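A.B. asks: The lines below spell out each chain.
Protein chains: 2
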Amino acid sequence: MKGATGQQEDMFRSVTPPKKIGSKAYEQQVIDLRADLLKAQIDLGKTPRSIIVTIAGVDGAGKGEVIQLLNEWLDPRGLETHSFWNLENEVSQRPYQWRYWRALPPRGRLSIWFGGMYTNAIASCTQQESRSKWSQSKCKEIQAFEEMLRLDGTIHLKIWLHLGKSEQRKRLKDLTENPKLHWRATREDWKHHNLYDTYSDAAQHVLKCTHFPAAPWTVLDASEKSQRDISVGKALLACMERTVKGRRVGILQPTLEPSKKLQHNNQLDTVDLSQRLSGKAYQNSLLEWQARCHRLFWEAYDRSIPTVLVFEGWDAAGKGSAIKRVTGAIDARLYRIVCVGAPTDEENQFHYLWRFWKPLPAAGRVTIFDRSWYGRVLVERVEKFAKPEEWKRAYEEINAFEKQLLSQGTVLCKFWIHISPEKQMERFQKRLEVPYKRHKITDEDWRNREKWPAYEEAINEMIHRTDSPSAPWTVVAGNNKKFARIQILKTICGSLKKAVEHHKG
Amino acid sequence: MKGATGQQEDMFRSVTPPKKIGSKAYEQQVIDLRADLLKAQIDLGKTPRSIIVTIAGVDGAGKGEVIQLLNEWLDPRGLETHSFWNLENEVSQRPYQWRYWRALPPRGRLSIWFGGMYTNAIASCTQQESRSKWSQSKCKEIQAFEEMLRLDGTIHLKIWLHLGKSEQRKRLKDLTENPKLHWRATREDWKHHNLYDTYSDAAQHVLKCTHFPAAPWTVLDASEKSQRDISVGKALLACMERTVKGRRVGILQPTLEPSKKLQHNNQLDTVDLSQRLSGKAYQNSLLEWQARCHRLFWEAYDRSIPTVLVFEGWDAAGKGSAIKRVTGAIDARLYRIVCVGAPTDEENQFHYLWRFWKPLPAAGRVTIFDRSWYGRVLVERVEKFAKPEEWKRAYEEINAFEKQLLSQGTVLCKFWIHISPEKQMERFQKRLEVPYKRHKITDEDWRNREKWPAYEEAINEMIHRTDSPSAPWTVVAGNNKKFARIQILKTICGSLKKAVEHHKG
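Residue numbers (this note's numbering), protein chains in the order written: chain A, 1 to 505; chain B, 1 to 505.
Calculated directly from the structure, the hints in this document are not laboratory data. Hints should not be assumed to be uniformly reliable.
Said to hold, decoys possible - Here are the simulated SDA-like cross-link-like pairs (lysine to any residue), alpha carbons at most 20 Å apart as the crow flies: (1) B:Lys437 <-> A:Thr442; (2) A:Lys324 <-> B:Pro359; (3) B:Lys324 <-> A:Leu79; (4) A:Lys39 <-> B:Ile31; (5) A:Lys437 <-> B:Leu37; (6) B:Lys403 <-> B:Pro359; (7) B:Lys39 <-> A:His439; (8) A:Lys324 <-> B:Ser111; (9) B:Lys324 <-> A:Asn71; (10) B:Lys358 <-> A:Ala362; (11) A:Lys440 <-> B:Lys46; (12) A:Lys430 <-> B:Ile31; (13) A:Lys430 <-> B:Ile441; (14) A:Lys430 <-> B:Leu38; (15) A:Lys324 <-> B:Gln68; (16) A:Lys358 <-> B:Ala103; (17) A:Lys358 <-> B:Pro106; (18) B:Lys358 <-> A:Trp354; (19) B:Lys46 <-> A:Gly341; (20) B:Lys39 <-> A:Arg34; (21) B:Lys39 <-> A:Lys358; (22) A:Lys440 <-> B:Asp43; (23) B:Lys358 <-> A:Leu87; (24) A:Lys39 <-> B:Arg431; (25) A:Lys46 <-> B:Thr344; (26) B:Lys440 <-> A:Ile42; (27) A:Lys440 <-> B:Ile31; (28) A:Lys324 <-> B:Ile67; (29) A:Lys437 <-> B:Gln28; (30) A:Lys482 <-> B:Gln68.
Said to hold, decoys possible - Pairwise CB distance ranges (calculated): (31) B:Lys170 <-> A:Asp302: 38 to 46 Å; (32) B:Pro343 <-> A:Ala454: 40 to 48 Å; (33) B:Lys170 <-> A:Ser137: 21 to 29 Å; (34) A:Lys24 <-> B:Asn284: 21 to 29 Å; (35) B:Ser304 <-> A:Ser23: 37 to 45 Å; (36) A:Lys170 <-> B:Pro472: 40 to 48 Å.
This one's a predicted model, so the numbers in the text were calculated from it and none came from an experiment. Every residue, glycine too, gets a C-beta built ideally from N, C-alpha and C.
Between the sequences and the hints, there should be enough to build the whole structure, so can you do that?
C.D. replies: See the structure below:
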């Protein structure tokens, strides 16, 4: 844990003790601060960068008050507030990070996160035994997530509002004794107060683990309200000004293993493209495997297992017709197809993975991606739509994304449908002869053919770097479309069967 | 019921009897049809119009097969398929029509609806006693909804796939006896078959009631598959070609009552703007009413009652500061604020109400609209962003929208914060003196002042036409901000209290 080293002291002890400000001085400071904040917000709006402000902290420190205040001080049209409390079914059926992805700010804007990604973490770290497990897995996930966003221009300001035990007691007592305000101190607040030391200890553990050099915590004393508000405002102002200047620290070219090793790993060349299926054998196999698939998709539905199917392949490899044979085996109410083209204006306002999170399947449902996030390391790499450091770091980002799917129990099948360049030419020419297929052939298709070797290199590297036992690639022998379809149906059945049986056991 | 008149005969008897087509002829027809469909789809993409295709019909008629086929024949990138089956919590917590609003096609595109808005209707109409109730309420809702979309350029093609009782039996039997396909005939299918006459009767009732001149049903015989597919394709092609040509039939200037009556209904002039609250009395009232609100919002949460608060008012009327006093009384986890500005590019792809459906609150939550759908009949009317026939029909559309909210039990409060022109001038000048408020005053604000009488007319008409006992307007006396805030808090408390008590009883 990078953040933890050199951070062994008590994080809360070093907090600046509160200075009481007079109401006159406070008002003057607020006037200046608000003008500066608004100016910074306007400047931020002109950049492709965005800011997440996490307001976390001790009960009674005034997280809600601070969030109200920021909504008052800033222009609310460039701002959204998200709490991750008591979420709907929609969210709980998706992988854990889904909630955060849909709360991301678009470029030029701010999101305020109530409690952020740490409320659950602190609760689970109150138990000593789960602490080291958390540090070793979840914490790394958070770090990778924050780093990925940072490299994409989303800066995370993490504010912890601290309150000592006696101050917390005093604040709760004051509220309880005020007949007009006693409703603000809940029974839950008192319960937490009695566990103050446990919670404080757990919070400190989590804060230390997530105190990354590029995204450190700002711990502020909250015992004096006006001082607290000014401090939060100043911290945000400084963060916005830094972000606008855009000093992007620490963007390194990702270090990947040398490509030499890759050349010995040419997955495409190992595929036997001569494999065929004849008409009758194909018809029988098709019905047989579609029937199995159909049953298994319903069994997965009954067990709330979601499925994600990814189809990639050369132009004219037969993705579309293969997908049709798969959907022919799924009840139309269970699946949706997502055709991935160039991103829309809205999608461009976010990290490139954002648009793939949105349509992920709910429990028991199926999402079929006709092209996918792998575009980043295929077309975007070859056509230079993505910078080298962008597609190079995408492998790890994709692996982390798929890990999120898997950890939620999703069945994930990834297909690369492979054909020879000769077969592609043959199909292009056939398409030109059929009126309703002619629109499928564009100048771009012919241009892409010329880049066959560059694509081949990208495909091999993609398979090499994103193939794992739990998220394996299936390279499909596509020269014979019928053979390819059966190979795909068989693979899907195998994965579903494993998941369904695992779920039973 | 307009659709019902002159439609008393058996709708299913008049269906064209199926002609068997040879496979050769079928293939040739498909080639031509697909080319035409693709061309029409490309043309549609260039228009601001869109198409909904509902595929409904008898079990076993092949609704799923037809949808698969349309996905195959059309370019899937301009197409989305929606089934409204076993919906997530997210949907069931929102007003009934929410599911359809989020399945609307953006301009230039198609949505295919599996079963459409009629599956539940038919099931409920199998019981004779609920039939007339349905015809009198739900059916009118559907008609208004379709008409609203049509006027906005969304055409609804409604296809019913018919299958006689004996053909249905035969089809189910064939499937059951085929060892490879028997999974396609479910136990549910047989159950429905045994109730064939009841269902057919109910379906006929629903079809007749929703057979509107501008959005009629196309009933097709589905007993012969290739004929069925060709018929569906041709019906869609004809619909697309009509839509592209854009012969918009029947757009009439909405007939509104004469405005004379309106002049006697000047709501704004009846408000006593001299009402005030002094510092101490205000402070006490504020704390008291915030405390009550806070408790009531939690009680509403416990009872799953959603709340929608609408804030409209003159520039500088104090909407923002009033909203802050309201949010100060709601737990930050329960509410969200939606600031309504000019629509985004994405929002412009849909009916103007679309963007207000999206953020409606889930059960127990609160959405606060800072400006709202009433912009249509205020700024869009006065500034001529909307055509007269558009804002004139908006009153009824808004009433139908709010009726949807109310029928789901939503608490709805609508505030117009009223001030005098002199008070506005005074506040504008004060704002110019405060650095962090200066940005709030734009040239537009000064221009708007000149249109005061036009706005006054629009406001009075808005209140007159959209005020009802269940969705009342509260005109707030805003010259004294403190008085206004207390009036707003009191009103919200009153509405919440009524809803909570009603829910208890």
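A.B. asks: Does each hint fit the structure? Answer for all of them.
C.D. replies: Hint by hint, here is what the structure shows:
no.	hint	result
1	B:Lys437 <-> A:Thr442	violated (55 Å)
2	A:Lys324 <-> B:Pro359	violated (35 Å)
3	B:Lys324 <-> A:Leu79	holds (15 Å)
4	A:Lys39 <-> B:Ile31	violated (61 Å)
5	A:Lys437 <-> B:Leu37	holds (12 Å)
6	B:Lys403 <-> B:Pro359	holds (17 Å)
7	B:Lys39 <-> A:His439	holds (9 Å)
8	A:Lys324 <-> B:Ser111	holds (18 Å)
9	B:Lys324 <-> A:Asn71	holds (9 Å)
10	B:Lys358 <-> A:Ala362	holds (19 Å)
11	A:Lys440 <-> B:Lys46	holds (19 Å)
12	A:Lys430 <-> B:Ile31	holds (14 Å)
13	A:Lys430 <-> B:Ile441	violated (64 Å)
14	A:Lys430 <-> B:Leu38	holds (18 Å)
15	A:Lys324 <-> B:Gln68	holds (8 Å)
16	A:Lys358 <-> B:Ala103	holds (15 Å)
17	A:Lys358 <-> B:Pro106	holds (18 Å)
18	B:Lys358 <-> A:Trp354	holds (19 Å)
19	B:Lys46 <-> A:Gly341	holds (18 Å)
20	B:Lys39 <-> A:Arg34	violated (56 Å)
21	B:Lys39 <-> A:Lys358	violated (31 Å)
22	A:Lys440 <-> B:Asp43	holds (16 Å)
23	B:Lys358 <-> A:Leu87	holds (17 Å)
24	A:Lys39 <-> B:Arg431	holds (16 Å)
25	A:Lys46 <-> B:Thr344	holds (17 Å)
26	B:Lys440 <-> A:Ile42	holds (13 Å)
27	A:Lys440 <-> B:Ile31	holds (15 Å)
28	A:Lys324 <-> B:Ile67	holds (11 Å)
29	A:Lys437 <-> B:Gln28	holds (14 Å)
30	A:Lys482 <-> B:Gln68	holds (19 Å)
31	B:Lys170 <-> A:Asp302: 38 to 46 Å	violated (30 Å)
32	B:Pro343 <-> A:Ala454: 40 to 48 Å	holds (42 Å)
33	B:Lys170 <-> A:Ser137: 21 to 29 Å	violated (58 Å)
34	A:Lys24 <-> B:Asn284: 21 to 29 Å	holds (25 Å)
35	B:Ser304 <-> A:Ser23: 37 to 45 Å	holds (43 Å)
36	A:Lys170 <-> B:Pro472: 40 to 48 Å	holds (44 Å)
Checked against the numbered hints given earlier, this structure breaks hints 1, 2, 4, 13, 20, 21, 31, 33; the rest are met.
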